[in-house]
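Just so you know, the protein sequences line up as chains A and B, in that order.
Residues are numbered in this note's numbering as their position in the first sequence, beginning at 1, plus a constant of 1.
Residues are numbered in this note's numbering as their position in the second sequence, beginning at 1, plus a constant of 33.
Calculated from the structure, these hints are not laboratory results.
Glycine included, every Cβ here is placed at the ideal spot set by N, Cα and C.
Honestly, I wouldn't trust all of these hints.
One side only, chain A facing chain B, incomplete, derived with CB under 7 Å [what the hints assert, rightly or not]:
no.	residue
1	14
2	32
3	34
4	53
5	91
6	99
7	102
8	105
9	108
List time: in silico DSSO-like cross-link candidates among lysine-lysine, alpha-carbon distance up to 30 Å [as the list claims (entries may be wrong)]:
no.	chain 1	residue 1	chain 2	residue 2
10	B	34	B	75
11	A	14	B	75
12	A	58	B	75
13	B	34	A	14
The calculated label-pair distances, taken between Cβ atoms and stated as ranges, are [to be verified]:
no.	chain 1	residue 1	chain 2	residue 2	range
14	A	16	B	146	22 to 30 Å
15	A	45	B	129	33 to 41 Å
16	A	85	B	129	37 to 45 Å
17	A	60	B	47	26 to 34 Å
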Amino acid sequence: KAGVTQTPRYLIKTRGQQVTLSCSPISGHRSVSWYQQTPGQGLQFLFEYFSETQRNKGNFPGRFSGRQFSNSRSEMNVSTLELGDSALYLCASMLGVASYEQYFGPGTRLTVT
Amino acid sequence: KQEVTQIPAALSVPEGENLVLNCSFTDSAIYNLQWFRQDPGKGLTSLLLIQSSQREQTSGRLNASLDKSSGRSTLYIAASQPGDSATYLCAVSITDSWGKLQFGAGTQVVVTP
Numbered sequence: 002k003a004g005v006t007q008t009p010r011y012l013i014k015t016r017g018q019q020v021t022l023s024c025s026p027i028s029g030h031r032s033v034s035w036y037q038q039t040p041g042q043g044l045q046f047l048f049e050y051f052s053e054t055q056r057n058k059g060n061f062p063g064r065f066s067g068r069q070f071s072n073s074r075s076e077m078n079v080s081t082l083e084l085g086d087s088a089l090y091l092c093a094s095m096l097g098v099a100s101y102e103q104y105f106g107p108g109t110r111l112t113v114t
Numbered sequence: 034k035q036e037v038t039q040i041p042a043a044l045s046v047p048e049g050e051n052l053v054l055n056c057s058f059t060d061s062a063i064y065n066l067q068w069f070r071q072d073p074g075k076g077l078t079s080l081l082l083i084q085s086s087q088r089e090q091t092s093g094r095l096n097a098s099l100d101k102s103s104g105r106s107t108l109y110i111a112a113s114q115p116g117d118s119a120t121y122l123c124a125v126s127i128t129d130s131w132g133k134l135q136f137g138a139g140t141q142v143v144v145t146p
């Protein structure tokens, strides 16, 4: 069974630009969660999507948004990039019903210059 | 507000010694607790998940215990090997927010040959 995949794996952007990251969950999983990992703040929850609806949201500004498609694939978008957005962005999938173990992808390393 | 703490932040042991990693959380109203392993620059690998109704879970050389009333979990790794060197993270979820994991800062483990 294929694991969680994330694309792209590495990204370099300039301050002020926007970026879209993609996550494909494990087949059959309906929930996708996104996390930001930085050396200073550790792992912080961004949002969770379940069956195309945002089910939970973390404490991030509105520049961070996401969506989920009918095939459970998810994208997150960051607009007006700031230097502080440089981080490893991880997505995780889980069945979302009756089973709540999260499985993580390899992450997208975003560098903002 | 839930706070998750992992002590120590770093640990170095000789090969063959047993590892004991601690995780504490301030709000005992958790749904489950997950232990993960993260290698440098990589995503997270799920090690064990303990439901709030369970006291422990075992997988091979790994054993995790949970004492919900005191807000503590311990991960034991028997007969450590150099390949166990990684950062170990614990995370908790709460009912109705299963997709939102709250993470500790992690314990960085080095097992020396």
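Going through the hints against the structure:
no., hint, in the structure
1, 14, "violated, 19 Å"
2, 32, "holds, 5 Å"
3, 34, "holds, 5 Å"
4, 53, "violated, 14 Å"
5, 91, "holds, 6 Å"
6, 99, "violated, 10 Å"
7, 102, "holds, 5 Å"
8, 105, "holds, 4 Å"
9, 108, "holds, 5 Å"
10, 34(B) - 75(B), "holds, 29 Å"
11, 14(A) - 75(B), "holds, 21 Å"
12, 58(A) - 75(B), "holds, 24 Å"
13, 34(B) - 14(A), "violated, 34 Å"
14, 16(A) - 146(B): 22 to 30 Å, "violated, 45 Å"
15, 45(A) - 129(B): 33 to 41 Å, "violated, 20 Å"
16, 85(A) - 129(B): 37 to 45 Å, "violated, 31 Å"
17, 60(A) - 47(B): 26 to 34 Å, "violated, 42 Å"
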